[in-house]
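Novice: Sequence:
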Amino acid sequence: EHEQLRRRLNTQVDDLQEDCDRYRRKIATVEEEFEQQIKKLKREKVELEESETRSASRISGLEEEVERLKAELTEAREA
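Be aware that the sequence shown starts at 1, since it is given in my numbering, and climbs by one per residue.
Just so you know, these hints were derived from the structure itself, not from any lab.
Owing to the predicted nature of the structure, the values given are computational and were not obtained by experimental measurement.
Be aware that a few hints might be false.
Quick list of simulated restraints, FRET-style, between CB atoms [as the list claims (entries may be wrong)]:
no., residue 1, residue 2, range
1, E47, E75, 37 to 47 Å
2, Q37, A76, 50 to 60 Å
3, E33, T53, 28 to 38 Å
4, T53, E18, 49 to 59 Å
5, V66, K40, 47 to 57 Å
6, V46, R25, 44 to 54 Å
7, E50, K70, 43 to 53 Å
8, E72, E35, 33 to 43 Å
Where is the CB? At the ideal position from N, CA and C, for every residue including glycine.
With the hints as extra help, turn the sequences into a complete structure.
Specialist: So, in structure tokens, the structure goes:
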């Protein structure tokens, strides 16, 4: 009876160890996926910031062009 109890306990310990190992692997997988998502979001953030900078530059250039054309129009009307 003592031997049977010992075997049962050993089996339970083995099962618990397998469960722990499985959960550790799942946690590692989730952590890896999370890290990949963070990297992707950081890349997207940089791309959006760069795009915003380019857009701001374009807007500034267009505003300057509008002012130049207004000045030309004013000169043409006065002439």
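Novice: Look at each hint and say if it fits the structure.
Specialist: Here's how the hints hold up against the structure:
no., hint, verdict
1, E47 to E75: 37 to 47 Å, "42 Å, holds"
2, Q37 to A76: 50 to 60 Å, "57 Å, holds"
3, E33 to T53: 28 to 38 Å, "31 Å, holds"
4, T53 to E18: 49 to 59 Å, "53 Å, holds"
5, V66 to K40: 47 to 57 Å, "38 Å, violated"
6, V46 to R25: 44 to 54 Å, "32 Å, violated"
7, E50 to K70: 43 to 53 Å, "31 Å, violated"
8, E72 to E35: 33 to 43 Å, "56 Å, violated"
When the structure is compared with the earlier hints, violations turn up for hints 5, 6, 7 and 8 and for no others.
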